[in-house]
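Protein chains in written order, with this note's numbering: chain A, 1 to 111; chain B, 1 to 114.
Among the clues, some could well be false.
[To be verified] Label-pair restraints from in silico Cβ distances:
(1) A:R108 - B:D38: 14 to 22 Å
(2) B:G16 - A:S70: 47 to 55 Å
(3) A:E20 - B:E102: 33 to 41 Å
(4) A:R22 - B:S7: 30 to 38 Å
[What the hints assert, rightly or not] Which residues of chain A face chain B? A few of them, derived with a C-beta cut under 7 Å, are:
(5) Q42
(6) L44
(7) K49
(8) F101
(9) G102
(10) A103
Hints were generated in silico from the structure; no laboratory data involved.
Quick reminder that beta carbons are idealized off the backbone N, C-alpha and C, glycines included.
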Amino acid sequence: AQSVTQPDIHITVSEGASLELRCNYSYGATPYLFWYVQSPGQGLQLLLKYFSGDTLVQGIKGFEAEFKRSQSSFNLRKPSVHWSDAAEYFCAVGAGNKLVFGAGTILRVKS
Amino acid sequence: DGGITQSPKYLFRKEGQNVTLSCEQNLNHDAMYWYRQDPGQGLRLIYYSQIVNDFQKGDIAEGYSVSREKKESFPLTVTSAQKNPTAFYLCAGGLAGEGTGELFFGEGSRLTVL
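I would like the entire structure built from these sequences, with the hints used as guidance.
Below, the structure written as structure tokens:
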């Protein structure tokens, strides 16, 4: 069965520091991979997606993610975090005609 | 504005009552989805629909029902059979078919059972 694991429930980084959020997936075929962000009490906004091609994907708000097939990973990165990046981040894999989500990682930014 | 509109944003109900959450879209999406979100559990799929008058159960369909009489509308009913209905509910729309996946989400409805 398809699944997504986000090993870190909470991450705290200092403003201006770099960020990496981890995501591992389990899917038999070529995966379609996504990162979404959610502010408290809001819906989810798409940050970036990987369908095929270049394994380094650029997204909105300065985020990028790298697909590594050998490691079944799709980690999200940002070189310099801003206080407004504090939110919950979800990794997801497209499984047929639906999305399977990880449990999420809550990002806290300290000044 | 275009998008996915959910209502109400907050809803309170007594135990034993059914409640219906509204989801409307004007993005012309064939597919619509209902997810339930609980802290630390991510999003779990309740029901989805790829086309009008057709829908499929997701991973946690028990105690819920849906209808898809119009392309624009996909209401979710939380019935009294749902044992733990207090949660944040998210509706989404997207393209139908294999290999799709980019979903557009509403702002959610928070249901509290008193």
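Status of each hint after checking the structure:
At roughly 20 Å, the beta-carbon separation of R108 of chain A and D38 of chain B lies within the given 14 to 22 Å, and the hint holds. For the pair G16 of chain B and S70 of chain A, the supplied restraint of 47 to 55 Å holds, since their beta-carbon distance comes to about 53 Å. Restraint check, E20 of chain A to E102 of chain B: a C-beta distance of roughly 23 Å breaks the suggested window 33 to 41 Å. One distance hint, 30 to 38 Å for the beta-carbon pair R22 of chain A and S7 of chain B, holds here, with the actual separation near 36 Å.
Because the beta carbon of Q42 of chain A sits about 6 Å from the nearest beta carbon in chain B, less than 7 Å, this interface hint is met. About 4 Å separates the beta-carbon of L44 of chain A from the nearest beta-carbon of chain B, less than 7 Å, and the hint is met. Checking K49 of chain A against chain B: minimum C-beta separation of about 6 Å stays under 7 Å; hint holds. Evaluation of the F101 of chain A hint against chain B yields a held restraint, the C-beta minimum of about 4 Å falling below 7 Å.
Hint on G102 of chain A holds. Least Cβ distance to chain B is approximately 6 Å, under the 7 Å limit. Taking 7 Å as the C-beta cut-off, the interface hint given for A103 of chain A holds, the closest approach to chain B being about 4 Å.
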